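Q: Chain by chain, the residues run as shown.
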Amino acid sequence: GAVVSQHPSWVICKSGTSVKIECRSLDFQATTMFWYRQFPKQSLMLMATSNEGSKATYEQGVEKDKFLINHASLTLSTLTVTSAHPEDSSFYICSAEGQLVVAYGYTFGSGTRLTVV
Amino acid sequence: RKEVEQDPGPFNVPEGATVAFNCTYSNSASQSFFWYRQDCRKEPKLLMSVYSSGNEDGRFTAQLNRASQYISLLIRDSKLSDSATYLCVVNPYGQNFVFGPGTRLSVLP
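Note that the protein sequences, when read in sequence, are chains A and B.
All residue numbers for the first sequence refer to this note's numbering, where the first residue is 267 and numbers rise by one.
All residue numbers for the second sequence refer to this note's numbering, where the first residue is 3 and numbers rise by one.
By construction, these hints were calculated from the structure, which means they are not laboratory data.
These numbers were taken from a predicted model, which means no experiment stands behind them.
Take the hints with a grain of salt, since some may be wrong.
Unchecked claim - One side of the interface only, derived from the structure: several residues of chain B facing chain A at Cβ under 7 Å: (1) A19; (2) F36; (3) E45; (4) L48; (5) Y72; (6) P94; (7) G104.
As the list claims (entries may be wrong) - Residues of chain B clear of chain A, computed beta-carbon distances all greater than 12 Å: (8) Q8; (9) P16; (10) P46; (11) D84; (12) V91.
What the hints assert, rightly or not - Across the chosen pairs, the derived CB separations fall in these ranges: (13) B/S108 x A/H351: 41 to 47 Å; (14) A/S281 x B/R78: 47 to 53 Å; (15) A/E318 x B/K44: 33 to 39 Å; (16) A/K280 x B/E58: 46 to 52 Å; (17) A/G319 x B/P16: 51 to 57 Å; (18) B/T20 x A/S309: 24 to 30 Å; (19) A/N336 x B/K47: 23 to 29 Å; (20) B/A19 x A/L334: 31 to 37 Å; (21) A/T381 x B/P111: 49 to 55 Å; (22) A/K330 x B/K81: 24 to 30 Å.
The C-beta atom is built at its ideal place from N, Cα and C for all residues, glycine as well.
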């Protein structure tokens, strides 16, 4: 089945530094990938839609200059949290859209738990 | 009105109980429906797709009522390992998936 690999699983960084999170589709090509954020006891919130070879589409309220998304190939999208602050601490999850998404839904990466100190 | 709404929960049930989750969606053009399960501090995982005719997978039964824009998930003979948050997911035609807020289930020994 479709597998999405997300790395790193967890990261602790100092306030003001940047963190890059990678999302790879391992056995399928994903023209579209999605980045979500989830705070404790809250639902997944879509941050942006990443399209291969073009600019990402950000949801309202998400700062595109703070959350940089690059989707340079059909199997890799990256999210960079720039100048991270403690309020950016959250669980970040990516998902990828494969050809059978209508039948089987999205495949999610295992998530990255970011803690900014 | 939110696009996808679910029972607020949490549901605390004893082992062996039958529990039902409800979900409603607002976009009548929605074409695909899913139930996902999310364990604490983990990513959501697909539990089952929901078909118009209803479908069953072991102890899990999903139903779809397009006229009422309503989806349900029934879990029979619940196990301790069923404890998780259950997410209703709707795919409006031509749009991204929309996640419900989730309903947390705790199965108690």
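Q: None of the hints should be skipped; say for each whether it holds.
A: Status of the hints after comparison with the structure:
The criterion of a C-beta within 7 Å of any C-beta in chain A is not met by B/A19, whose closest approach is roughly 24 Å, and the hint is violated. The interface hint given for B/F36 holds, since its Cβ lies 5 Å from the closest Cβ of chain A, which is under the 7 Å cut-off. For B/E45, the shortest C-beta to C-beta distance to chain A is roughly 4 Å, which falls under 7 Å, so the interface hint holds. Proximity of B/L48 to chain A holds as hinted, the smallest CB-CB distance being about 5 Å (cut-off 7 Å).
Given hint, B/Y72 at the interface with chain A, is violated; its Cβ is 19 Å from that chain's nearest Cβ, farther than 7 Å. The closest approach between the C-beta of B/P94 and any C-beta of chain A is roughly 12 Å, which is over the 7 Å cut-off, so the hint fails. This hint holds: B/G104 has a C-beta 5 Å from the nearest C-beta of chain A, less than the 7 Å allowed. Under the 12 Å C-beta cut-off, the non-interface status given to B/Q8 relative to chain A is violated; the minimum distance is some 9 Å.
The claim that B/P16 is not at the interface with chain A holds, since no C-beta of that chain comes within 12 Å of its own (minimum 24 Å). Distance to chain A contradicts B/P46 as a non-interface residue, since its nearest Cβ pair spans about 5 Å, not more than 12 Å. With a least beta-carbon separation of about 19 Å from chain A, B/D84 lies farther than 12 Å from that chain, consistent with its non-interface assignment. Consistency note on B/V91: stated as away from chain A, yet its beta-carbon is not over 12 Å from all of that chain's, at 7 Å minimum.
Checked against the hint of 41 to 47 Å, the C-beta distance between B/S108 and A/H351 comes to roughly 34 Å, which is inconsistent with it. As the Cβ distance of A/S281 to B/R78 is approximately 49 Å, the hint placing it in 47 to 53 Å holds. In this structure the hint that A/E318 and B/K44 lie 33 to 39 Å apart at CB is violated, the actual value being about 27 Å. Distance hint check: the CB atoms of A/K280 and B/E58 are about 51 Å apart, consistent with the given range 46 to 52 Å.
Separation of A/G319 from B/P16 is about 53 Å and conforms to the stated range, judged on CB atoms against 51 to 57 Å. Taken as a hint, the range 24 to 30 Å holds for the pair B/T20 and A/S309, whose Cβ atoms sit roughly 25 Å apart. At about 26 Å, the CB distance of A/N336 to B/K47 agrees with the hint of 23 to 29 Å. At roughly 47 Å, the beta carbons of B/A19 and A/L334 sit outside the given window of 31 to 37 Å.
Range check, A/T381 to B/P111: about 33 Å between beta-carbon atoms, so the 49 to 55 Å window is missed. The beta-carbon spacing between A/K330 and B/K81, approximately 44 Å, falls outside the hinted interval of 24 to 30 Å.
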